[in-house]
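S.K.: Generate coordinates for the entire structure from the input sequences, incorporating the hints supplied.
Protein chains: 2
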Amino acid sequence: MNVTIPPHDPDSSGCQRISQVLARVGEKWSILIIITLAAGPRRFSEIKRSINGISQRMLTLCLRGLERDGLVKRTVYAVMPPHVEYELTALGHSLTEPVRALGAWASKHISDIDAARKEFDARVEHQGQTPFTTK
Amino acid sequence: MNVTIPPHDPDSSGCQRISQVLARVGEKWSILIIITLAAGPRRFSEIKRSINGISQRMLTLCLRGLERDGLVKRTVYAVMPPHVEYELTALGHSLTEPVRALGAWASKHISDIDAARKEFDARVEHQGQTPFTTK
DNA sequence: CCGTATCCCCTTGGATACTG
DNA sequence: CAGTATCCAAGGGGATACGG
Chain A
19 MNVTIPPHDP DSSGCQRISQ VLARVGEKWS ILIIITLAAG PRRFSEIKRS
69 INGISQRMLT LCLRGLERDG LVKRTVYAVM PPHVEYELTA LGHSLTEPVR
119 ALGAWASKHI SDIDAARKEF DARVEHQGQT PFTTK
Chain B
19 MNVTIPPHDP DSSGCQRISQ VLARVGEKWS ILIIITLAAG PRRFSEIKRS
69 INGISQRMLT LCLRGLERDG LVKRTVYAVM PPHVEYELTA LGHSLTEPVR
119 ALGAWASKHI SDIDAARKEF DARVEHQGQT PFTTK
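Those protein sequence lines, which keep their order, are chains A and B.
Sequential numbering of the first sequence, starting at 19, is according to our numbering.
Sequential numbering of the second sequence, starting at 19, is according to our numbering.
Accuracy of the hints is not assured; some may be wrong.
The list treats identical chains as interchangeable, and a pair is accepted whether it falls inside one copy or across any two copies.
[Said to hold, decoys possible] Below are the BS3-like pairs computed for lysine-lysine, each with C-alpha atoms no more than 30 angstroms apart in a straight line:
no.	residue 1	residue 2
1	K126	K136
2	K66	K46
3	K46	K136
4	K66	K91
5	K46	K126
6	K136	K91
7	K66	K136
8	K46	K91
Worth flagging that the hints you see were computed from the coordinates, not collected in a lab.
These figures come from a predicted structure and were not determined experimentally.
M.R.: Okay, here's the thing in structure tokens:
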């Protein structure tokens with residue numbers, strides 16, 4: 019059964035732009051931030067606390083990037099002390115669907131991947147056995 | 019202090035591993051390689067030619083990574099000159115589904131993102147200050 | 001043809017200290 | 001609290017040359 023083969027042109031401008039989007043999505047923290055905000059609006063330090071290991075700098079940069087792309091909305095309340103809330107825009111929420119699909123795939127196959135890595139590493143260790151799969 | 023995040027916990031081990039998978043997917047060239055191979059097996063130089071701008075080094079590295087994760091299968095034909103073919107494994111093919119979902123999302127919303135970027139940049143420049151990174 | 005090895009730049013990203 | 005600014009280490013990634 020042949021799956022529908024979509025326009026395959028990694029070289030075209032279309033795929034290049036998609037690649038840019040994926041670069042943002044693939045950025046180390048972006049996905050985690052989006053997932054966090056998917057549950058509702060959060061303050062800066064709430065996000066920081068909920069994502070283990072992220073530095074202040076990277077949180078700022080990632081949020082700026084997401085805001086720039088129209089995925090996150092930043093709201094400043096002019097009070098003292100400052101109160102800033104971040105929330106997903108409609109666009110940001112729409113991203114959570116394919117992201118969840120990817121997350122579901124990852125959850126489902128993470129064990130396969132781990133097994134493949136172990137096998138690969140073991141095979142490499144035995145460098146005598148060339149992976150020749152002569153047909 | 020800690021608001022419960024019931025459905026998704028970015029801090030949990032599960033999401034951490036998913037993040038690893040996404041890191042691979044988000045790597046600059048991986049997606050393009052997978053998309054290329056989704057159309058069928060390809061030789062090394064065929065992949066290189068079909069992806070504009072990729073260096074030999076990065077193609078090798080990415081293919082190794084994908085092979086290690088069990089997403090791509092490498093077959094060497096012991097002939098002269100060497101003939102090596104790469105193809106997606108079943109696991110690799112299953113990845114194309116969520117990836118396509120993401121790609122579809124990107125295609126659909128790329129204009130929104132571009133518009134948001136323009137607006138954001140204009141807003142920033144209007145304030146007379148470069149906040150940080152204007153990539 | 002299919003890589004591996006080397007050099008090197010440049011970005012990413014952490015740690016820290018400092019403002020409003 | 002919510003950032004900015006600065007320094008610095010690690011590694012991603014290009015260019016090139018060479019081996020099988």
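S.K.: If a hint holds in the structure, say so; if it does not, say that too.
M.R.: Hint-by-hint comparison with the structure:
1. K126 / K136: Result: close within a single copy only, 18 angstroms intra versus 38 angstroms inter.
2. K66 / K46: Intra 14 angstroms, inter 26 angstroms, cutoff 30 angstroms: intra and inter.
3. K46 / K136: both (24 angstroms within a copy, 24 angstroms between copies)
4. K66 / K91: within (17 angstroms within a copy, 39 angstroms between copies)
5. K46 / K126: both (21 angstroms within a copy, 24 angstroms between copies)
6. K136 / K91: This pair counts as between: shortest inter-copy Cα distance 15 angstroms, intra-copy 42 angstroms.
7. K66 / K136: For K66 and K136, only the inter-copy Cα distance (28 angstroms) is at most 30 angstroms; the intra-copy one is 33 angstroms.
8. K46 / K91: both (20 angstroms within a copy, 27 angstroms between copies)
In terms of the numbered hints stated before, the structure departs from none.
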